[in-house]
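There are 2 protein chains.
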Amino acid sequence: MPAGEFAFIRWLRDRTPTDPRVRIGPGDDCAALAPPKSELLVTTDLLTEDVDFILADAGARAVGRKAMAVNLSDIAAMAGRPLGAVVAVALPSGVADSRQLAEELFLGMREVADRFHTPIVGGDTNAWPGKLVICVTVLGEATGRGPVRRNGARPGDWLFVTGPVGGSWLGRHLDPTPRIPEAMKLHELVDLHAMIDISDGLSADVNHILEESGCGAVLDAAAIPIHPDAVERAKRTGRSPLDHALGDGEDFELAFAVSPSDGEKLLRETSLAKVGECVERGLWLEEGGVRRALEPRGWVHG
Amino acid sequence: MPAGEFAFIRWLRDRTPTDPRVRIGPGDDCAALAPPKSELLVTTDLLTEDVDFILADAGARAVGRKAMAVNLSDIAAMAGRPLGAVVAVALPSGVADSRQLAEELFLGMREVADRFHTPIVGGDTNAWPGKLVICVTVLGEATGRGPVRRNGARPGDWLFVTGPVGGSWLGRHLDPTPRIPEAMKLHELVDLHAMIDISDGLSADVNHILEESGCGAVLDAAAIPIHPDAVERAKRTGRSPLDHALGDGEDFELAFAVSPSDGEKLLRETSLAKVGECVERGLWLEEGGVRRALEPRGWVHG
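One line per chain: the protein sequences are A and B, in this order.
Each residue of the first sequence is one higher than the one before, starting from 662 at the first, in this note's numbering.
Each residue of the second sequence is one higher than the one before, starting from 662 at the first, in this note's numbering.
Bear in mind the hints are in silico, worked out from the structure with no lab data behind them.
Among the hints, a few may not be true.
Below 30 Å or equal to it, Euclidean Cα-Cα: the simulated DSSO-like pairs (lysine-lysine) are [as the list claims (entries may be wrong)]:
| # | chain 1 | residue 1 | chain 2 | residue 2 |
| --- | --- | --- | --- | --- |
| 1 | A | K698 | A | K846 |
| 2 | A | K935 | A | K896 |
| 3 | B | K926 | A | K698 |
| 4 | B | K896 | B | K935 |
| 5 | A | K698 | B | K846 |
| 6 | B | K698 | B | K846 |
| 7 | A | K846 | A | K935 |
| 8 | B | K846 | B | K935 |
| 9 | B | K698 | A | K846 |
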């Protein structure tokens with residue numbers, strides 16, 4: 662336990678609002694939550710300095726927001742409702758004011774956690790000679806029709822995304838919006854066959870659905886909602902905006918598959934656009950009437 | 662997602678036995694578990710290279726075991742039953758064979774997890790330019806009388822520990838035994854007023870109980886079970902074996918408080934030794950009839 666952890670834990674506890682779902686909050690060996698009524702969801706994501714964020718550029722507050730948001734996005738991808746989060750950090754022992762860094766990270770996490778009704782119930786604060794590492798684990802519960810997996814897409818299904826993609830590395834990747842209410846609403850409205858959040862990149866993440874589902878898909882180039890950031894980035898890279906939309910990743914929109922009749926319903930009742938259809942096999946891009954094989958690309962690091 | 666993560670996830674999934682409690686295992690956006698019947702426990706611990714372990718000395722297998730064991734020890738400290746674990750790692754991108762490192766870590770974690778019926782249900786594998794970081798989060802459920810907290814000790818209570826302490830840094834700290842069955846048995850046998858696992862050090866951890874409970878304690882120097890490793894270490898440091906027993910930490914035995922009548926019952930029905938008694942205030946050590954104030958000491962790093 663690093664020097665000063667107790668004072669920090671006291672600071673945290675003073676800032677932790679009561680929540681009827683939380684039976685034991687920060688400061689004991691474990692936190693305790695009221696048992697969920699439906700299936701218990703759990704996801705963990707670890708972010709490392711200089712790979713997932715540049716601390717000096719982004720600032721600790723934004724790093725905290727991102728660390729919480731990417732985990733909540735995984736709960737959204739199952740159409741779940743968040744129940745609570747625990748947070749572990751390794752703080753660089755070399756920084757001038759590691760207490761301030763810890764507080765800023767926590768406040769950033771709380772901004773996003775509060776917005777999505779997710780109490781931070783515990784954690785582990787460490788100091789070490791390395792750079793900043795943050796690991797957030799979020800617990801949730803399944804809603805309505807149960808957790809939505811990646812493996813339920815089938816040939817003929819229609820594919821949708823919840824928002825425009827591409828170019829997130831211009832800055833949007835630091836402040837993603839987990840699509841939790843959107844996913845729960847969709848889950849009520851239609852039978853979601855398969856869903857994923859777009860972290861690696863649209864083509865790579867759709868491909869994850871296809872691999873798990875054992876089918877293929879054709880994406881409609883003209884229908885993919887391209888974010889203005891992708892257009893902006895394309896000016897600098899010489900690649901097309903579509904290329905950035907397909908491969909940049911860290912959009913944290915949701916991609917999902919539904920039956921054609923549910924697809925029609927979504928076209929009638931929402932502003933979502935159909936971006937493709939599932940087929941027997943392969944991943945394809947259809948552009949101007951021409952269908953070509955699409956290499957699933959995503960943000961691969963390490 | 663680092664290159665090769667998919668192949669690694671496949672390798673993991675092939676090695677993950679089915680478990681009726683696990684509805685969705687590794688490879689989706691979240692794992693899903695059957696809802697616990699009682700309160701849901703959650704604990705997270707992050708271990709960093711060169712602080713919590715020396716990778717080259719310990720080997721990845723032992724590091725994996727430790728990462729899992731310290732979390733299970735927190736579940737034990739609440740008298741809980743583990744339900745599942747998720748694991749996040751940041752692998753040093755510089756190592757020759759990071760896949761082998763990841764596998765060894767996982768196999769080490771599985772050795773301990775399997776022993777305590779804890780399925781590893783998901784995780785996050787990263788590569789980065791820094792040193793090895795492992796973050797394990799364990800979920801559990803409360804047993805019998807509910808989760809045992811730190812805050813229920815009161816003056817007059819008797820204090821016990823589940824086993825000998827001190828000198829863990831000779832090597833034992835790498836292979837702690839989470840006292841899960843022991844805690845559940847105690848929880849059935851007596852009314853545990855407060856409990857903690859000894860990670861910081863006996864005196865520091867007893868002091869955590871006292872701070873949360875708002876009382877004090879007198880430890881009986883002659884009654885504290887001193888591990889042979891503490892004796893061994895004392896030969897090298899010039900400090901007393903008792904000093905090492907009180908302050909070394911990372912023993913992962915449990916310290917707990919019970920009423921005097923339950924204490925009598927434990928003396929009759931178990932081989933546990935009473936190590937002290939709670940008083941109104943302060944932390945004291947009684948040695949040869951003399952009572953002196955005891956500074957709570959623990960392993961403070963960072």
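Now the hints, each set against the structure:
For the suggested pair K698(A) and K846(A), the alpha carbons sit about 19 Å apart, so the restraint of at most 30 Å is met. Proximity of K935(A) to K896(A) is assessed by CA-CA distance (about 27 Å); at most 30 Å being required, the pair is judged to hold. With a C-alpha separation of about 38 Å, the suggested pair K926(B) and K698(A) falls outside the 30 Å cut-off, and the hint is violated. Between K896(B) and K935(B) the CA atoms are separated by roughly 27 Å; this keeps the pair inside 30 Å, and the hint holds.
The hinted pair formed by K698(A) and K846(B) meets the criterion: a straight-line CA distance of about 28 Å does not exceed 30 Å. The straight-line distance between the Cα atoms of K698(B) and K846(B) is roughly 19 Å, inside the 30 Å bound, and the hint therefore holds. Taking the CA atoms of K846(A) and K935(A), the gap is about 17 Å. The hint holds against a cut of 30 Å. At roughly 17 Å between alpha-carbon atoms, K846(B) and K935(B) fall within 30 Å of each other, so this suggested pair holds.
Between K698(B) and K846(A) the alpha-carbon distance is near 28 Å, which keeps this suggested pair within the 30 Å criterion.
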